[in-house]
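S.K.: Taking the hints into account, I'd like the entire structure generated from these sequences.
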Amino acid sequence: SKVKGRTFWNHLHAAGHTCVLKDAFLYESPAEIADLTSTDKFDAALAIHLYKGGRLLQGSRIPFGIIFGGTDVNEDLKCKEKRQVMGAVLEEARFAVAFTVEMKELAAAEWVSPSETFDWYRFLQNAGIPTDTGSLHLFLLVCGLRRVKDPLYLVEVFSDWHRKDPSVHLGIIGPAVDPHFTSEVKEKVKRAPGVHVLQELPQEELHAALRACFALVNTSTSEGMSAAILEAMDLDIPVLARNIPGNAAIIKHKETGLLFSTPQEFVALSKSLMNDPTMEKEIITRAKAYVKKHHSWEGERKTYQNLVLRLQ
Numbered sequence: 614s615k616v617k618g619r620t621f622w623n624h625l626h627a628a629g630h631t632c633v634l635k636d637a638f639l640y641e642s643p644a645e646i647a648d649l650t651s652t653d654k655f656d657a658a659l660a661i662h663l664y665k666g667g668r669l670l671q672g673s674r675i676p677f678g679i680i681f682g683g684t685d686v687n688e689d690l691k692c693k694e695k696r697q698v699m700g701a702v703l704e705e706a707r708f709a710v711a712f713t714v715e716m717k718e719l720a721a722a723e724w725v726s727p728s729e730t731f732d733w734y735r736f737l738q739n740a741g742i743p744t745d746t747g748s749l750h751l752f753l754l755v756c757g758l759r760r761v762k763d764p765l766y767l768v769e770v771f772s773d774w775h776r777k778d779p780s781v782h783l784g785i786i787g788p789a790v791d792p793h794f795t796s797e798v799k800e801k802v803k804r805a806p807g808v809h810v811l812q813e814l815p816q817e818e819l820h821a822a823l824r825a826c827f828a829l830v831n832t833s834t835s836e837g838m839s840a841a842i843l844e845a846m847d848l849d850i851p852v853l854a855r856n857i858p859g860n861a862a863i864i865k866h867k868e869t870g871l872l873f874s875t876p877q878e879f880v881a882l883s884k885s886l887m888n889d890p891t892m893e894k895e896i897i898t899r900a901k902a903y904v905k906k907h908h909s910w911e912g913e914r915k916t917y918q919n920l921v922l923r924l925q
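So in this note's numbering, spot 301 of the sequence shown is number 914, and the numbers just go up one at a time.
Read the hints as simulated data drawn from the structure, not as lab findings.
Check each hint, because a few of them may be wrong.
Unchecked claim - Derived pair list, reagent style DSS-like, types lysine-lysine, alpha-carbon separation capped at 25 Å:
1) Lys695 <-> Lys654
2) Lys884 <-> Lys717
3) Lys894 <-> Lys884
As the list claims (entries may be wrong) - Have a look at the derived ranges for each label pair, beta carbon to beta carbon:
4) Phe794 <-> Trp733: 21 to 31 Å
5) Asp745 <-> Asp648: 53 to 63 Å
6) Lys865 <-> Gln671: 41 to 51 Å
7) Asp889 <-> Arg776: 50 to 60 Å
8) Gly672 <-> Thr875: 48 to 58 Å
9) Pro743 <-> Lys905: 30 to 40 Å
What you are looking at is a predicted structure, and each value in this text was computed from that prediction instead of being measured.
The beta-carbon is built from N, C-alpha and C at its ideal position, and this holds for glycine as well.
M.R.: Encoded structure:
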């Protein structure tokens with residue numbers, strides 16, 4: 614719909630992207646869209662409506678995402694030909710967005726979502742993290758690998774902690790935004806037992822991994838409003854974040870999360886969280902309520918902006 618298109622356009626325009634809105638009804642085949650995208654040097658595409666918009670992006674040379682329209686999962690699913698086309702489009706899409714739980718469940722019932730097929734144990738095994746210990750505590754640091762995110766901030770201290778307590782592991786996961794710095798991170802992590810650079814995951818699988826981890830970690834030296842923090846809060850995962858203005862604007866220390874100013878303080882706060890299930894539960898409950906009350910709109914905007922970064 615035009616309203617959804619305009620909303621999405623506003624979110625992306627606010628992040629500095631140049632967007633062009635096109636009406637799917639004006640095009641008949643993927644070839645016409647391929648001509649358009651090659652002529653005007655587009656980097657990515659977003660289709661609203663899995664059938665009407667999505668069918669035009671089949672075989673696209675540029676990455677694309679899908680936003681369900683409503684009638685695609687409510688009506689077009691009933692038509693065998695359309696259903697097959699939509700399934701093929703979903704396999705090519707980098708992500709899909711549903712506006713309601715009902716819509717998501719309808720789509721998931723027809724096409725199994727990655728989060729349902731995500732194999733947590735295989736994921737851990739591939740990362741070299743032991744799965745046979747009953748007390749694994751995996752901390753996930755979700756970020757684009759670039760200097761401002763400072764993913765190496767905790768590496769030494771965390772590795773020392775892991776030597777004393779082998780149940781704790783730190784996983785760094787995210788796109789290699791700065792390839793040179795990414796190599797630096799991987800090189801340092803190789804020499805740090807208990808710390809791992811994990812394979813990047815699609816959004817749905819990343820959410821599944823987040824749900825299974827012990828806590829989300831943020832080590833940024835500068836942050837606007839972290840979508841990863843808001844998503845973790847909404848997924849009932851406690852957050853430990855570096856005490857910088859952007860993070861402190863979202864997290865109230867020991868109320869909706871934990872803020873640390875040194876690597877040593879991170880370890881101390883992590884231990885207190887591991888040893889106090891009541892505090893953990895209270896933080897999770899308050900954080901979820903906070904996100905629902907204050908950040909539904911900003912969270913939506915940040916999620917869209919981050920989804921588009923996945924197309925780059």
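S.K.: Please go over all the hints and tell whether each is borne out by the structure.
M.R.: The hints, checked one at a time:
1. In summary, the hint linking lysine 695 to lysine 654 is not supported, as the alpha carbons are separated by about 29 Å, beyond the 25 Å threshold.
2. A distance of roughly 37 Å separates the Cα atoms of lysine 884 and lysine 717; the hinted pair therefore is violated under the 25 Å criterion.
3. A threshold of 25 Å between alpha carbons decides the hint, and for lysine 894 with lysine 884 the separation of about 15 Å falls inside it, so the pair holds.
4. Roughly 28 Å separates the CB atoms of phenylalanine 794 and tryptophan 733, a value that falls within the hinted 21 to 31 Å.
5. Take aspartate 745 and aspartate 648: their Cβ atoms lie about 55 Å apart, and the range 53 to 63 Å holds.
6. In this structure the supplied range 41 to 51 Å holds for lysine 865 paired with glutamine 671, their Cβ-Cβ distance being about 47 Å.
7. Separation of aspartate 889 from arginine 776 is about 23 Å and departs from the stated range, judged on CB atoms against 50 to 60 Å.
8. Checked against the given bound of 48 to 58 Å, the beta carbons of glycine 672 and threonine 875, roughly 51 Å apart, stay inside it.
9. Between proline 743 and lysine 905, the C-beta spacing of about 36 Å keeps the proposed range 30 to 40 Å intact.
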